[in-house]
Amino acid sequence: MNVVTTDTPIKDSWAMDENVENDPTYPMRNREYTQVPSRPEQQIARVEILQSIERPHYSAVFGETVPPSGLSGQLRRYAFQHSESRYRHWLPLLLADRINVVEELVKDVKNGHIPNLFVEMGGRALWKYDKATLFKKTAFCALGTLAAVWAVRRIFSNK
Amino acid sequence: MKAMNYRGPYRIRVDEKPMPEILHPRDAIVQVTRACICGSDLHLYHGMVPDTRVGSTFGHEFIGIVRELGSGVTNLKVGDKVLVPFNIACGECVFCVQGLFANCHESNTMATAAGGIFGYSHIAGGYDGGQAEFVRVPYADVGPTVIPEGMDEEDALLLTDVLPTGYQAAEMGGIQKGDTVVVFGAGPIGIMAAKCAWLFGAERVIVIDHLEYRLDFVKKYANCEVYNFRSIEDPVLFIKHITNWLGADVCIDAVGSDACGNAMQTITGKKLLLQAGAATALHWAVNSVKKGGIVSIVGVYGPTDNLVPIGNVVNKGITIRANQTSVKRLLPRLIEHVQSGVLSPKDIITHRFSLEEIPDAYRIFSSKLDECIKPVIIV
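Which chain is which? The protein sequence lines are A and B, in order. All residue numbers for the first sequence refer to the numbering used here, where the first residue is 1 and numbers rise by one. All residue numbers for the second sequence refer to the numbering used here, where the first residue is 1 and numbers rise by one.
No wet-lab data here; the hints were simulated from the structure. Yeah, the Cβ is synthetic: ideal placement off N, Cα and C, and Gly gets one too. It is possible that part of the hints are untrue.
Stated by the list, open to error - Lysine-lysine pairs mimicking DSSO-like chemistry, simulated, CA-CA at most 30 angstroms apart:
#, chain 1, residue 1, chain 2, residue 2
1, B, K17, B, K2
2, A, K107, A, K137
3, B, K2, B, K328
4, A, K136, B, K270
5, B, K2, A, K107
6, B, K328, A, K107
Claimed, not checked - Sample of chain B residues lacking proximity to chain A, with all beta carbon distances greater than 12 angstroms (derived):
#, residue
7, H122
8, L211
9, L215
10, C260
11, N262
12, I267
13, N315
14, H337
15, D347
Said to hold, decoys possible - Where chain B lies over chain A, by a calculated footprint (3+ residues, C-beta under 8 angstroms):
#, segment
16, 13–20
17, 50–57
18, 88–96
19, 141–149
Can you make the complete structure from the sequences, with help from the hints?
Laid out in structure tokens, this is it:
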């Protein structure tokens, strides 16, 4: 430790929370508590809840938002057959997230809702504060779309 | 009710969603009055956190009014104005009884490493968050705290995460009188960590970032030294140079997985997702700290692996301390600090948006537009 000094820009509150016992740091483990007598009351699941296989049972409460469905749901179910220590848990989840985006886009369109990508992606903020990035992103997307259309046309014309 | 609705990386909108319901006797329904966007929400927004399902509502920093209570909640009443810690904690499992409310074992079925967090993907329990008109609050008899009479609502809002996390970052650093503390990141958490470092007796507080407007702010707000890593070739060498060639006593990583400053970390961590985000700040922290020093990590990383110089941790005898913040444990002391004027967290709020403007709010915060430091959603 350096030489103790009070020559700091902060005067009135300097070192007011000093705790010499906090070395290396708090909170320390308290080994008195290795078990508790009972668990909180169990929430009843109304939707499919994927459970980590590193747990013996559901936690007493859990969220019920967005239960697994579709192809992404299948991937998530597969992922939850493996422990949190394995890539075969996390990589399928990441893949499922990307598939989920497409599934929901299709669902939106099927329900007659065309997503306003400009607004959803904060285009108004970019227009106000960073037009250069907005133009760059738009040009990039336009070029990508043109390249995709060109590639598809070429494939079909060869057939 | 209206709620923020995640549609995929960089895409969100406001939609009508069903009202939340009481699903457990210890639940409450809270009508949200204010919510923040947290820097860690950006990891979700950027699509970096696995099992972030389309249709989720984010938001783990919020305050509001109790509108409905489960039969098991007796310490609150309908109409109470509450601040809600971001951790969902039962208060009675082996971890909660030790004050480790962030590590509650009875709030997350989907993963064992993390406790339950509002609106933070299914790896944090699959709960909807507070960027909405209403939210379900489990274990309402433990987390929510009635906002003290006279406390500014926005100070209370920042007591749900930002201030406690900055304070715990300093606390986990085990700062003793005379220590030199380096904080990586001048975002809201880094700003608070720098401010709180003085309370523990730091002799010198240094903040490293690359955004000049944030460095200017933290320099004034926390009375600390600031350096822009874009203008110094090698931050580690620079810190050694300004600390008598020994390194800092304590280094705090207040950045997490969205760091920049190292091309390899950025490409493998943020672009290709081959690691759980870019661990640039942690890398610098390990290499900048003194031998036998302490690295405190509050920056959020994903659940897979990161490239960090673990060999140097061994060779330098470093202690690494890290955790999500146990807000409830710290609230009594921090409420005192806010009420006595020692800390004024609301001063870091730079932007206020309505719920309808939330796609723009995320974009402005994510892209660091308009000198944004902390955006608040007024519901």
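Structure-based check of all given hints:
1. The suggested pairing of K17 of chain B with K2 of chain B holds, with an alpha-carbon distance near 6 angstroms, which does not exceed 30 angstroms.
2. The hinted pair formed by K107 of chain A and K137 of chain A meets the criterion: a straight-line CA distance of about 25 angstroms does not exceed 30 angstroms.
3. For the hint pairing K2 of chain B with K328 of chain B, the CA-to-CA distance comes to about 29 angstroms; that is within 30 angstroms, so the pair holds.
4. A C-alpha spacing of about 20 angstroms is found between K136 of chain A and K270 of chain B, which places the hinted pair at or below 30 angstroms, so the restraint holds.
5. A threshold of 30 angstroms between alpha carbons decides the hint, and for K2 of chain B with K107 of chain A the separation of about 20 angstroms falls inside it, so the pair holds.
6. Taking the CA atoms of K328 of chain B and K107 of chain A, the gap is near 41 angstroms; set against the 30 angstroms cutoff, the hint is violated.
7. At roughly 7 angstroms, the least C-beta separation between H122 of chain B and chain A is not larger than 12 angstroms, which violates its mark as non-interface.
8. The beta carbon of L211 of chain B is kept farther than 12 angstroms from every beta carbon of chain A, the shortest such distance being approximately 14 angstroms.
9. For L215 of chain B, the shortest C-beta to C-beta distance to chain A comes to about 16 angstroms, beyond the 12 angstroms cut-off, and the non-interface label holds.
10. Its beta-carbon lying about 16 angstroms from the closest one in chain A, C260 of chain B satisfies the requirement of being farther than 12 angstroms from that chain.
11. Listed as a non-interface residue, N262 of chain B keeps its Cβ farther than 12 angstroms from every Cβ of chain A; the least gap is roughly 22 angstroms.
12. No Cβ of chain A approaches the Cβ of I267 of chain B within 12 angstroms, the least distance being about 17 angstroms, so the stated non-interface status holds.
13. With a least beta-carbon separation of about 18 angstroms from chain A, N315 of chain B lies farther than 12 angstroms from that chain, consistent with its non-interface assignment.
14. At roughly 8 angstroms from the closest C-beta of chain A, the C-beta of H337 of chain B falls inside 12 angstroms, breaking its exclusion from the interface.
15. With 12 angstroms as the threshold on Cβ separation, the claim that D347 of chain B sits away from chain A holds: the shortest Cβ distance comes to roughly 15 angstroms.
16. Check result for the segment 13–20 of chain A against chain B: holds, 8 residues qualifying (beta carbon to beta carbon below 8 angstroms, three or more required).
17. Beta-carbon proximity to chain B at under 8 angstroms applies to 5 residues in the segment 50–57 of chain A; the threshold of 3 is reached and the given coverage holds.
18. Requiring three or more residues with a Cβ within less than 8 angstroms of a Cβ of chain B, the coverage given for the segment 88–96 of chain A holds, as 4 such residues are present.
19. Taking a C-beta to C-beta cut-off of 8 angstroms, the segment 141–149 of chain A contributes 0 residues in contact with chain B, too few for the three needed, and the coverage statement is violated.
Hints 6, 7, 14 and 19, counting from the list given before, are not met by this structure.
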